[in-house]
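K.L.:
What follows is the residue order along each chain.
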Amino acid sequence: MATRSQTAALLVVGALALAACSAGGVKSSAAPQSGAKTLVIDTSFDLKTADPGRTYEPTGLFVGKAVYETLLTFDGADVTKPVPALAESYTLSDDGKVLTLKLKQGATFADGSPVTADDVVFTLTRVRDMKGTPSFLLDGVEVAKTDASTITLTSKAPNPALPYILPNPALGVLNSKVAKEHGATTDAGDKAEQYLNSASAGSGPYTIESFNLTSQVVLKANPKYYGSKPAYDRVVIRNVEAATQKLNIQRGDSQVALNLSGDQVVGMPATLQVKKTASANVIFLLANQDSSVSKTTANAKFVEALRKGVDYSGLLELAGEGSTQAPGIIPSQLLGALPADQAAKRDVEGAKAALAASGVSNPTVKLEYPSELTVNGLSFQPLAERVQANLKEVGITVDLAPAPVTTALDNYRNGKEELGLWYWGPDFPDPSDYLAFLPGKLVGLRAGWKEGAAKDISAAGDKAATAIGDDARKAAYAEVQQKLNKGGPFIPLIQPSQNIVTASSVAGLEYHPVWTVDLADLSAK
Amino acid sequence: MTVSGDVSGADTPGPPPAAAQRGGRARVRRHPLARFLLRRVLIAILLAWGITLVTFVLTNLVPGDPAAANLGQRALGDPAIVAQWRQEHGLDKPLPQQYLIHLGGLLHGDLGTSQQSHRPVSQDLAETVPATLELAGAAIVVSLVLGVAFGVVAALRRDRLTDHALRVLSLIGISVPTFWLALVAFYVFFYRLQITPGSGRIDPGLTAPPPVTGLATVDSALAGQWDVFASAVGHLLTPALVLALYTIGLLTRFTRSAVLEVLGQDYVRAARAKGLPGRVILFRYVLRSALVPIITVAGLAFGSLLSGTVLVEAIFAWPGVGQYAYKSATTLDLPAVMGVGLVVGGVYLVINLIVDVLYGVIDPRVRLQ
Amino acid sequence: MTRRLPEAWRQPLAIVGGVVALAWLVIALAAPWLAPHDPLAQDLPRLAAPGPGHWFGTDQLGRDILSRVLYGARVSIPLTLMLVALSVLVGGLLGACAGYFGRWVDETIMRVADLVFAFPTVILAMVVAAALGASLTNAVLAVLVVAWPAYARVTRGLVLGVREREFVLSGRLLGFSVWRSLRVDVLPNVTGPVLVLATLDIGTALLLLSGLSFLGLGAKPPSPEWGAMVAGGVEVFDSWWVATFPGLAILTVVLAFNFLGDTLRDALDPRTARAIKERAL
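Residue numbers (numbering that gives the first Met the number 0), protein chains in the order written: chain A, 0 to 524; chain B, 0 to 368; chain C, 0 to 280.
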């Protein structure tokens, strides 16, 4: 007995000693350590992999942009014109089917070996045939090497979007020799992901020092980078909740905060720079057109009541400064976006009239949305609550049905949502991406909108898909959206602002709709 | 945050559940401890199996498709990609077969691969569990020290002002919503007063020490990186204190009544009558007898701390098993949820076992009844 | 003449606890008359600091936080009481069966209880709530799943204690049916301690329920549930009032019931008090 009690007493003494130690260490740690050339970026992680061929999440694209290089890229935030990267030039054939790219000489991977046409062919074929998330980018595109520095990409149908697709970091060129050594293949049996999550086989200005999907990613400058050396030697990208991001940057714990909401950037001290740019993410409502899902939302007059009943300026207020109303489903940065004056306006009386004309009395509809999802730091929760309050004034009762993304997305994908609140970010900055919203297409089906449900809209879509030349395309896509706004099941709401806060020491930051920020653009003051 | 922990713990000297229930059927007096241990281990195995079954059934009951959490909006529209993803993760097989595969893997010590992190679950757990253990461990140490001290003081000052004040304080301790307190502490100390470091385990400018134990404080000390050590301790302090408040309250109440009980015993009275000084009585007799049940309760409280971390970790962005569990549960990442259940359930079982053994060893009546 | 309160109740803690708990019950009943605004109306300036017209400030949608906190009592308090009542009922019944019948019934029920205990509470409740879908009712069910074993254990212990006593045995000998025996002879001896336990548990149950809502697995918006309101405040960190007041509401309710329960336990006769102590862990 005695010995046991002594053991217990010892335990307590030990515990006391430990506590004393931990209490003693506090003061020394308070000063944040910032290496001269280390950049700390806080962001809310949406990260699944560092394998470019499987990347499709914002954080993944952001990291991918720093570690890998693509054939083409965009200059700054301008997404209307692809510019050379690993390819020094490109030409699209007149029929829009063949894209020819000339490789730049002198580009090298992080291990010093040159970037070759074979690497490009291997990479693109791998992305296409591995059936990973970004595979659709190259659906039906044949990749071939015509000589040591020439690549041709051939599509069966005219593919004027291809130059806009190639800058996607998912198409970052891999060092094929290294990747193959670690299990990379050009089919579903590819095993290279694990390796690519720990090391980088790219030619970008940075390489991966450490990679953790849930806590942080550390990049270090690629010592063998053939281009100009990036301003920061080391970049720490931390997974931090938006609220904490704000505190961290105000305290000087971090130098960049990527996901602050409009409310959070109000009243930032003058020592910090706040960049508010309307993002290319369009938040929209969808009203299911399948009458087996809902007789109410399938009613065209009811959709009109929704469109007129939503208080767009109230939603913009929630999203904060820098956000804009989305006039159509195509975001303002892209070719073919509708001008702001064509945006829907709130008209409560009109909405009530439309509701009366619909013949549905006292409707109750269920609005589903992903509860924990945020877009540009903006949570869907208050938006849904605001829409609910707006529609109540019109006489429409909305039941909110938040669900975890897994559940909500599953319902959405299967076209089972009566009303849905979702967003769409451009897969590539070309309006053809938005043909998915047409009847019988990907997003159209999610709204229960079957092929042939609206023939004139489909016809307008077909016309836009084959139009060649900027002016013709612009007009065709504008027409598609006008028709969609009139008779489609989608109600484009807002493009929330991407608010990026940086310390005054960080210069050159530019928001990019595809990869958020290009680390190589940054400079240190 | 355990319902049981609270109800019971607040003022409860007495044998823990298992010890209380353990029937009196064990008549064999030869190697009673071995028999007892064997029985507990068998029950533990049964419980572990129960955990796998429950997690499997629950995660499959949830409406939703794990593929939705892992593929982009575009890819989700492509049945070929979805089918391949499901096949990769073994979700194309019938449910009973899936369960058997998981079970088979477990028998070989393989927890499977997380759908979210694309890594072996064991590897994820090896990173997240130590983070949580460090947090909960620090919290339990703080709770033990403060809780026992407060409890002893309260008992010695019974019914005086100090006692009443401590009673109110400890009741406040068990009444504060942890998630709210974490938020308040973060706002006040980090944001307003700026005296505590930010989220995470160490300052971002520092390089993490080579993992030996997985505890940032211990590893940095082992590596002799004292700046990292200081940073790790600083980061640990606020969340640990927030987490500890509840257990401090619990242990104060518990220690007080345990000490009072011992104070009423004949041998303590005898010692007093003998004229031994108060300090001697306190340390030699009272604390000694009260400590074992206190440590027992602390053990159980440690278990409840582990689940309390879910809420605290979210606010302090602590990369522990709580955040991992939350993310896995919301994305229906079955192997990960099962792994978390097994590990945390395992910790509970081990603690229970230790508690039982402690009781059996200390009080033979319990064992041989 | 007024009846004298029992000695133990005349303690300041019990009085404070009783008054606060009573106040909250009154608020829950009278919220529509007490609240200055419609808790759902989004017609005030957004994120206004506490001041005249909105003493607790407004939230990110321009709703009055004071009104929401008051209405929140209507959401949280009845549900918590119902939850505890259900836990007592389910746990008590199962525990009584386990204690009374013994053998395999006992083994089965108590092993299931062990299984639940072996799970981390919040995580289990989280998974259950996720499985059932986010709603308050489902959150109650989820907490029920983790809460009943505590009562089962206590009741079982108490029943075991009385099962072999003379009056129960003589009842059985007189030909009482099992249920009658349980009801007439066993139940009255078990009720007191279990009720004390239940009072002590109200606080914990509210903490757990609001914790689930905080994680987005409980109350459905725009319901003014306190835990969900605190969660809303996380996003707008700067506007401290958004999270502070609902958090204080939770704290005061839990504290009031803990004050009451603590006093109640002290007031119990030592034998039953000891039974609770011994069996509850």
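Check before you lean on any hint, since a few could be wrong.
Simulated crosslink set (BS3-like; lysine-lysine; CA at most 30 Å straight-line) [unchecked claim]:
| no. | chain 1 | residue 1 | chain 2 | residue 2 |
| --- | --- | --- | --- | --- |
| 1 | A | Lys-351 | A | Lys-485 |
| 2 | A | Lys-415 | B | Lys-326 |
| 3 | A | Lys-300 | A | Lys-440 |
| 4 | A | Lys-365 | B | Lys-326 |
| 5 | A | Lys-300 | A | Lys-190 |
| 6 | A | Lys-190 | B | Lys-273 |
| 7 | A | Lys-219 | B | Lys-326 |
| 8 | A | Lys-449 | A | Lys-485 |
| 9 | A | Lys-300 | A | Lys-228 |
| 10 | A | Lys-228 | A | Lys-155 |
| 11 | A | Lys-36 | A | Lys-274 |
| 12 | A | Lys-482 | A | Lys-300 |
| 13 | A | Lys-275 | A | Lys-80 |
| 14 | A | Lys-155 | A | Lys-101 |
| 15 | B | Lys-92 | A | Lys-415 |
| 16 | A | Lys-190 | B | Lys-92 |
| 17 | A | Lys-155 | A | Lys-482 |
| 18 | A | Lys-223 | A | Lys-101 |
In case anyone wonders, no lab produced these hints; they're calculated from the structure.
K.L.:
Now tell me if each hint is right for this structure.
P.N.:
Results of checking the hints against the structure:
1. Between Lys-351(A) and Lys-485(A), the direct Cα distance comes to roughly 17 Å. Compliance with the 30 Å bound is thereby established for this hinted pair.
2. For the given pair, Lys-415(A) sits about 25 Å from Lys-326(B) by alpha-carbon distance, which is consistent with the 30 Å threshold.
3. Our distance criterion of 30 Å between C-alpha atoms is met by Lys-300(A) and Lys-440(A), whose separation comes to about 23 Å.
4. Straight-line distance between C-alpha atoms of Lys-365(A) and Lys-326(B) comes to about 26 Å, which keeps the hinted pair within the 30 Å bound.
5. A C-alpha spacing of about 52 Å is found between Lys-300(A) and Lys-190(A), which places the hinted pair above 30 Å, so the restraint is violated.
6. For a cut-off of 30 Å, the pair hint linking Lys-190(A) to Lys-273(B) is broken: about 78 Å separates their Cα positions.
7. For the proposed pair Lys-219(A) and Lys-326(B), the alpha carbon gap of about 28 Å is at most 30 Å, so the pair holds.
8. A distance of roughly 17 Å separates the Cα atoms of Lys-449(A) and Lys-485(A); the hinted pair therefore holds under the 30 Å criterion.
9. A threshold of 30 Å between alpha carbons decides the hint, and for Lys-300(A) with Lys-228(A) the separation of about 59 Å lies outside it, so the pair is violated.
10. For the proposed pair Lys-228(A) and Lys-155(A), the alpha carbon gap of about 40 Å is over 30 Å, so the pair is violated.
11. For a cut-off of 30 Å, the pair hint linking Lys-36(A) to Lys-274(A) stands: about 22 Å separates their Cα positions.
12. Under the criterion of a C-alpha separation no larger than 30 Å, the hint pairing Lys-482(A) with Lys-300(A) is consistent with the structure, at around 15 Å.
13. With a C-alpha separation of about 22 Å, the suggested pairing of Lys-275(A) with Lys-80(A) holds against the 30 Å cut-off.
14. Simply put, Lys-155(A) and Lys-101(A) have alpha-carbon atoms about 21 Å apart, close enough for the 30 Å limit, and the pair holds.
15. Annotation: proposed proximity of Lys-92(B) to Lys-415(A) holds, straight-line Cα distance about 25 Å (limit 30 Å).
16. A distance of roughly 22 Å separates the Cα atoms of Lys-190(A) and Lys-92(B); the hinted pair therefore holds under the 30 Å criterion.
17. Distance check on the hinted pair: Lys-155(A) and Lys-482(A) sit about 28 Å apart at the alpha-carbon level, within 30 Å; holds.
18. The hinted pair formed by Lys-223(A) and Lys-101(A) meets the criterion: a straight-line CA distance of about 23 Å does not exceed 30 Å.
The structure fails hints 5, 6, 9, 10 (numbered hints given earlier, in ascending order).
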